[in-house]
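Trainee: Hints in hand, dock the two standalone chains.
Chains as they are written, first to last, in our numbering: chain A, 571 to 835; chain B, 138 to 432.
Hint data in this document are derived by calculation from the structure and do not stem from the laboratory.
Some hints could be false.
Taking lysine-lysine pairs in the PhoX-like style, the calculated list, with each CA pair at most 20 Å apart, reads [unchecked claim]:
#1 B:Lys297 to A:Lys706
#2 B:Lys323 to A:Lys630
#3 A:Lys650 to A:Lys731
#4 B:Lys323 to B:Lys170
#5 A:Lys591 to A:Lys630
#6 B:Lys170 to A:Lys650
#7 A:Lys755 to A:Lys731
#8 A:Lys731 to A:Lys706
Now for the letters of each chain:
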Amino acid sequence: MDMLRVENLEVVYNEVVLVLKGLSLTAAAGQITALLGANGAGKSTTLKAISGLLAGENGKITEGAVLLEDRPVHGLPPDKIVRSGIFQVMEGRRVFEDLTVEENLRCGAFTRPRAELVPSLERVYDYFPRLAERRKQLAGFMSGGEQQMLAIGRAMMARPKLLLLDEPSLGLAPLLVEDIFTIIKRLNANEGVTILLVEQNARAALNIASHGYIMENGRIVLEGEAQAMLQNPDVQEFYLGMSHGGEKKRYRDVKHYRRRKRWLG
Amino acid sequence: MEYYLQLVINGLVVGSIYALVALGFVVIYKATKVVNFAQGELVMVGAYACFSLTVEMQLPFLLSFLMTLGFSVVLGLAIERLVLRPMIGEPIISVVMVTIGLSSILKSLVQMFWGTQIQVYPQVLPQEPYFVMGVPVAPVYIAAFVLSALLFAIFSVFFKYSRLGVAMRATALDQCAAASMGIGIKSIFALSWCIAAVVSSVGGVILGNINGINAQLGHLGLKVFPAVILGGLDSLLGAALGGIVIGVLENVCDGAAKQLLGLGGFKEVAAFIVLVIILMVKPYGFFGTKQIERV
Numbered sequence: 571m572d573m574l575r576v577e578n579l580e581v582v583y584n585e586v587v588l589v590l591k592g593l594s595l596t597a598a599a600g601q602i603t604a605l606l607g608a609n610g611a612g613k614s615t616t617l618k619a620i621s622g623l624l625a626g627e628n629g630k631i632t633e634g635a636v637l638l639e640d641r642p643v644h645g646l647p648p649d650k651i652v653r654s655g656i657f658q659v660m661e662g663r664r665v666f667e668d669l670t671v672e673e674n675l676r677c678g679a680f681t682r683p684r685a686e687l688v689p690s691l692e693r694v695y696d697y698f699p700r701l702a703e704r705r706k707q708l709a710g711f712m713s714g715g716e717q718q719m720l721a722i723g724r725a726m727m728a729r730p731k732l733l734l735l736d737e738p739s740l741g742l743a744p745l746l747v748e749d750i751f752t753i754i755k756r757l758n759a760n761e762g763v764t765i766l767l768v769e770q771n772a773r774a775a776l777n778i779a780s781h782g783y784i785m786e787n788g789r790i791v792l793e794g795e796a797q798a799m800l801q802n803p804d805v806q807e808f809y810l811g812m813s814h815g816g817e818k819k820r821y822r823d824v825k826h827y828r829r830r831k832r833w834l835g
Numbered sequence: 138m139e140y141y142l143q144l145v146i147n148g149l150v151v152g153s154i155y156a157l158v159a160l161g162f163v164v165i166y167k168a169t170k171v172v173n174f175a176q177g178e179l180v181m182v183g184a185y186a187c188f189s190l191t192v193e194m195q196l197p198f199l200l201s202f203l204m205t206l207g208f209s210v211v212l213g214l215a216i217e218r219l220v221l222r223p224m225i226g227e228p229i230i231s232v233v234m235v236t237i238g239l240s241s242i243l244k245s246l247v248q249m250f251w252g253t254q255i256q257v258y259p260q261v262l263p264q265e266p267y268f269v270m271g272v273p274v275a276p277v278y279i280a281a282f283v284l285s286a287l288l289f290a291i292f293s294v295f296f297k298y299s300r301l302g303v304a305m306r307a308t309a310l311d312q313c314a315a316a317s318m319g320i321g322i323k324s325i326f327a328l329s330w331c332i333a334a335v336v337s338s339v340g341g342v343i344l345g346n347i348n349g350i351n352a353q354l355g356h357l358g359l360k361v362f363p364a365v366i367l368g369g370l371d372s373l374l375g376a377a378l379g380g381i382v383i384g385v386l387e388n389v390c391d392g393a394a395k396q397l398l399g400l401g402g403f404k405e406v407a408a409f410i411v412l413v414i415i416l417m418v419k420p421y422g423f424f425g426t427k428q429i430e431r432v
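If we strip away everything but chain B, and leave its shape as in the complex, we get (with noise of 0.2 Å):
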């Protein structure tokens, strides 16, 4: 039992980092309708960027934590302004197809200044774990929980009530609409892919935190998918969900056939086998827009 209560938390945890790299994913769907694919990327880029500043550069990591959240506003806004303002009003599946070279070119670069091997994060933490329900979790996982459900909050309560988060949900509905109130749509592209740089960069961290990073990371991704489908593409709750069902799934899956059946790797598929169960099930998700008809 114990067992399966560790592979709980530790799936809650990545999946509160799913949530957050889904949280960038959805409000660049959301707010300029293109599937990111570069989504992982640029987790893996903010994860790099933290780890020079503290590693090479010998910054306290609080203070790098901070100037990597900078780089990665930064970075958002140079992708927008370079990428993908050159495309607005090409056909969206070029502009997906652009997103999966800026995912291959972002890669590059990282490999090119950082290397492959694994890095690994100085430790920022105690290692002494805490106890929840009487299994041992590390300091770490519960900061990374914490801090994941602090910026969906944030999030959430600026989408709700804040006038430029309200601008960027009436963006995402009709664009056109939009900018005869007013609404500079340039400027809200730009804003979604910042906050999406920056979420991710977030989520990077903590796995550098956790696991240490290498240029492998940008897989994460992928794992993210099968998470924003599940809460509805374009949906900030179904965002939080879908990451947190998927990271659970996946490492109780994983447990339970490594324990019963003796098979390892399940991991790395069990996400996507959720996925096509979804679709066919459930094809909007738990919370995806439905076109509202009037009859």
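Here chain A stands alone, though its shape is the one from the complex (with noise of 0.2 Å):
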């Protein structure tokens, strides 16, 4: 079953700069899937349309559909949308900085009831002992996977049943990518929130993944199971940074762009 269906999707920012041209993806319910793709592809507007994030960026969906369980959801302003069970952790963490970390997470259950707050709370400290010790700290003057931590806890909060994650590893050190993407799968195993997660660290988003897709100059050019793209030699060269053969590599090789050309179509 798909829990999100994005179909034919064009954004248009500044009425001029057409960005995504006509997007089709799909986030099966329960499972993580990963949006892979050079810097400037379009995969953080892709997050921003389905969220309803875009208007604050001077962008419109000009065509296609945005759906969540079946329902159109495109359009909506994003209170809406985040009612209606889809929460984006923005890309850079965007905690609020001169709020405190349990204030930060109050936050992320505006749209809940008032009942669900403690055990919320409560849920997203037993995941993060770390931010239960700092519950009192002002989140600014925490460490980049502190502030990650929060963002994702934040998310929590809201019990989205589609959770948006952009660039979670942004700015983090080697082990603490580790540690967020073993959070995140956990999130998913434990709580079955459907993951749509953007990354530019493609090898750590398909391990985790069940399904991948990668976008060029705003459309998906591959798609398929997260472990056959980790097989896939187009994705093994242009993501993941292998050469085959262990032969040394010429110059003219290394200019891929002719091959990359005949994805854009």
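Mentor: In structure tokens form, the structure reads like this:
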């Protein structure tokens, strides 16, 4: 069953710049779906189109549909979309720096009934004991890893059906990246929340995802089972940085854009 | 000595009114980053609304006070909806210009309906002065101070503990992230204008009870600038403290200038001299937000 279906989505910024050119993807319920691609491919735009945060950046969905459990959500204001069960963890964490950890978490629960607040807080503190230690501390003084935990914890407070994660590994040390991905995996396994994960770190993302998409230039150029994608020679070369056969590459081969061109069609 | 004590007490009362108006100013600035030049006019409109209800319609004061609060809520909503919302997404300087226009419009409307003469509120509190440390103080002064303190306490609790208050602070820090929490940004903006209109009109009603009102009441908005800048523009506590300090300073300076130098009218400039000094020494004010920088 598909939790999310994005159909033929077109997004225009400032009424001129066409960023998404007919993008379609699905996220299966209870699974992790990875959305990969180079900088500027339109990954973040895709997430913002789903969560309704485009308007703040002068972006607009001009065509296509976003369906959550077969109900259209595109064109709704962001608060309605959050209430319908989609929650985006924005790129760069975006914690409220001058609020305490607990106040940040309470903001996440803004759309939920009051009675849920305490159990939700306990659940988050259970996942992230570090946040419990620092509940009274200002979020701005925490380390990058702790802020990322807070950003994910804040999302859990909203109890979403579909969690959109935009580059959770951004600016984190490799060891922390591992931690964060373990947590994402656990969250998906224990809570059954559907996750759409946007990442630069293709290997880490495909390792925990069941399905993957690769975007270029506002379109999906490749999709498949995550494990199959990890084996795909193109993916290995362009996104996992592996060269084949171990022989030294000549400069001509490194200029892989000819092969990339084929994908852009 | 008693002369100065009297000045300090007057300053505290005037300062508490500045603090109230500054509170409205800070709430709008925090939530929307708009410097509201029409804050003083909100005070004036509130004062005239209450005046109309009590004097012209002969309603009991308490009732007309409550109705004024209701009217201010509607006024705040209307201003946000009609004037500010169409400006969302425009450069902040344009929005600030719009508030200057708004202040002219409000002022003209008041003059159109009520004229420019000083109007006097009926006395609602007894005239018998209380004695504070041997200095006679009119009950209306005490009521003004207590009411301001009470409102401040209410709003402090609101911003610290209530869900909506925390959401307002979050919106002030990062609008986009707040929107991603499902916080309705537009309703937060509307709410902040409501709060600003309500506290300002309370300030206006108190002033009306003390001094009477005229169409120049809006100039109070200018006096609030030194107060909020002293407090740090985006801090509630700063607004309270800044208001009180400015109120006391201008009264004491004025009194001292009169007594020692024989100069009058020092009251009007004292606050701005303080303002210049603060900006040189402590540009963030007492409690202004300094950017958190992690290294």
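Trainee: Does each hint fit the structure? Answer for all of them.
Mentor: Hints and how they fare:
1. B:Lys297 to A:Lys706: It holds: about 13 Å lies between the C-alpha atoms, which stays within 20 Å.
2. B:Lys323 to A:Lys630: holds, 19 Å
3. A:Lys650 to A:Lys731: Holds, at about 14 Å.
4. B:Lys323 to B:Lys170: Holds, at about 14 Å.
5. A:Lys591 to A:Lys630: Within the cut-off at roughly 13 Å; holds.
6. B:Lys170 to A:Lys650: Violated, because 25 Å separates the two Cα atoms, which is more than 20 Å.
7. A:Lys755 to A:Lys731: holds, 15 Å
8. A:Lys731 to A:Lys706: Cα-Cα ~29 Å, so violated.
The structure fails hints 6, 8 (numbered hints given earlier, in ascending order).
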